[in-house]
Every structure is written in C-alpha cells, then in structure tokens.
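Colleague: Using the hints provided, position chain Z relative to the given structure of chain V.
2 protein chains.
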Amino acid sequence: MKLYDCAMAPNPRRARIFLAEKGIEIPKVEVDILEGENLGPAFLAVNPRGLLPVLELDDGTRFDEVMAICRYFEDIQPEPPLLGRTPVERALVECMQRKMEFDGMVAGSEVFRNTHPQFAARSIPGGGGEAIPAIPALVDRGRQTLARFFGWLERYLERSPYLVGDHYTMADITAQCAIDFVAWVDIKIPAANSRTQRWYESVAARPSAQA
Amino acid sequence: MKLYDCAMAPNPRRARIFLAEKGIEIPKVEVDILEGENLGPAFLAVNPRGLLPVLELDDGTRFDEVMAICRYFEDIQPEPPLLGRTPVERALVECMQRKMEFDGMVAGSEVFRNTHPQFAARSIPGGGGEAIPAIPALVDRGRQTLARFFGWLERYLERSPYLVGDHYTMADITAQCAIDFVAWVDIKIPAANSRTQRWYESVAARPSAQA
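Order-wise, the sequence lines are chains V and Z. Under the numbering used here, think of the first position of the first sequence as 3, with each following residue one higher. Under the numbering used here, think of the first position of the second sequence as 3, with each following residue one higher.
Hints listed in this document are in silico derivations from the structure and should not be mistaken for laboratory results. The C-beta atom is built at its ideal place from N, Cα and C for all residues, glycine as well. Among these hints, one or two may not hold up.
[To be verified] Partial chain Z-side listing against chain V, Cβ under 10 Å, derived:
1. Pro-50
2. Leu-59
3. Tyr-74
4. Phe-75
5. Ala-93
6. Leu-94
7. Arg-100
8. Phe-104
9. Ala-139
10. Glu-156
11. Arg-157
12. Glu-160
13. Arg-161
14. Ser-162
15. Tyr-164
[Unchecked claim] Covered stretches of chain V (in silico footprint by chain Z; criterion: 3 or more residues with CB under 8 Å from a CB of chain Z, positions within the stretch not fixed):
16. 16-27
17. 74-84
18. 97-111
19. 140-154
In isolation and in its complexed conformation, chain V is listed as follows (with noise of 0.2 Å):
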C-alpha cells in the first residue's frame, strides 16, 4: 500500500492527518503539484484526473479522493472513530465534514488558484483537457463565501467543543485544513470570533497537525 502524496497541498493534508490520528504508518510518494508534475504522464498514468491524494492498494486498486480514502481506513481500522459511532452521528459528521468543504476548502481554493500566477491556466484543479484559465471573479466569491464559512463556523462552535460533539472527527479535521490552507492567501480568522480560535488553537496543538 502507498500513498500519492504533495506535502504543500490541503487535500493530501487532510489524508496525513486522519492516518496519524489512526495511529497508521503508510510508504509516501510525493508529487510537485505546484510544479505541474501532477499534470505529468508519470503521474496521469497513476490518476488521469491529476488529481492528489491517490492511496493505491497492494493488488493495484486506486482511490483517488480523500474522503474515499479516510473512509476506506475508517472501516478497516474503526479505531479511534473519526467518522461517527453510530448512524445518526455518522449523518452529522457527514454533514458537517460537507459543510466545512464545500464553505471552507472549495472556496479557499477559488481565492488561491485564481490568484496564484503558477495556476493561470489550471483554474479547476487537475487535469483531463483544454487550459481552463483563472476567473479573477472568483477571488472575491471565494473570499465572500469564506466570511460566511468563519461565521458558521463560530455558530456550530457554539454547541460543542469540537465541530460535532464532544470528540474531534472528519469534520475537524477539514476545517482545519481548510483554516491552513487560506492562510496562504493572508485570510485568517476573524479576532472576534473567539471560540473558533480556542477550537483552533486545540486542533492544531494535536500532534496529528505536523502531519
């Protein structure tokens, strides 16, 4: 087993992070994406799509997107539980891990890859056809949709010390990353929203953070 890995990019992060919570050690081969070599034929032979993480199975199986990866290692190895104990609780770290994607991680990588010069023509990630070039646009879309991200995320925190219940998850673990990754774009956390920064402030003081 090894994993497909870009030691700069969010995605495979949220891959290093749930494995180093699980206690799992796997082989790593690490790919340039800011180099394009995700885009090379070494590696479009591993995933067309260009796309990182990609776990890749002793018998040759492929997995080529990270929850389907965390999910894959959630149920062969069900300790500790990051993705829900019970069905309801499986539903709501599923909503919850969505949310944080979609309002936190999508949006983080409109306002990057449409400003950073390296992905002029690499609008959408990866790869499959034509350049798609940058929509400039999409820097304040993304930078709208991220200020209502930090205040749900202020909201949710309200409930629980971790995003769902008392202990952390999948959904934690997004957010967190999503928090990481639009730093690079100088997009920090809000100074009033306090318990987002006590939440994070816990997250990353976890030892899984330097993974």
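Modeller: Okay, now just chain Z, sitting in the frame of chain V:
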C-alpha cells in the same frame, strides 16, 4: 421523519431516487427554490444555509446534506446496497460518487446558476450573507468541465455496465441526476458516447428515475 424537498432541484432528486431504490417512503415538505422560498424565514429556521434536501428525524435532529441523508438510510437499511458492500467497494463508490458530483453536478450548477436570471444574485447556492452575483465566465468553465465529465464517463463505462462494477449505486444516481440537470441548459450526452447512451437508457428506465 420528513424530507424537505424541492421537486425540480437535482440534489433533492438524488435523495428521492436513493429512497425509491430502497423502497422507503417518507412524508415530504415541498420548498420552492426557484421562487426563493428556501431563503425565506420559515425554511431558514430549518436550515440556516437555505439548502435542500434536509431530513428531519422525529426527535428534531436534521441532516442537511444529501450524502449524509443517503448514508443514514444505508446504515439503517442496508438492502439493497447503494454505497458498496465491502471496504474496497465502499471506497470505490465514494471515489466515483464524488467525481460525478464535482465534475458533473457542481459544473452543471455553475452553468445553470450563472445563466438563469432568477439566480443573478445567487451565484452560490443557499444563503447566509450578502448577495453573491453571477459570474458569466463560470458558464464557459462549467461547460468545459462538463465536456471533461462526459469524456470520463465514457471511459469509466468501458470497464463495467454501471459506474462501479455490476450493480447500480449512488455513483450512478449522481451521474444520472447531473445529466438530467444539464439538459436544462441544453447540454446533452455527446452522440458519439455510445456506452454512456446505453447506460443512460438503462438507468432512466428504472422506476426510481420517476422519483
């Protein structure tokens, strides 16, 4: 238990098809997205993000993301399996489901929302902040992404009659709903994509497609 639904919208339809395949019937509350009822005070009290579908349990617990709703029903009634039967199959369904969602459903939403006059101030689904204006350049980007999506779909269907192996899963549901959705903006399965045409005829003929 009840489902907040919108008959014309593609995401609620994913949940309705999933439930129909399971043979589960639950009461539905119709909310008109086109007229903005999802952004009115009554529905925002149910889901502050203004998105559909939402499943409400008898104890008031709410799941406000379609995949969470589907996962909950798969957990409480596993047959027929629509999210995979083994850890590997579940991960493969998740991979494919997400591809159909990001490359098909989200791209279709970009084309639709940034074209349709009813959504001129609602480029991003749902509410929660200031108006986010339509971005005309997203129409082209969405169309390019959908061209990729149809290319992938034809390739995936080389390997198996359904998107993951030999039976119908959530990945097929999402793809089918994305295709019916993009027909509204006159985007169709390319005539040359014969496997996709055949697959589409087969999934559209299932009784659940009427849901």
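Colleague: For this structure, which hints from the list above don't hold up?
Modeller: 10, 12, 13, 14, 15 and 16
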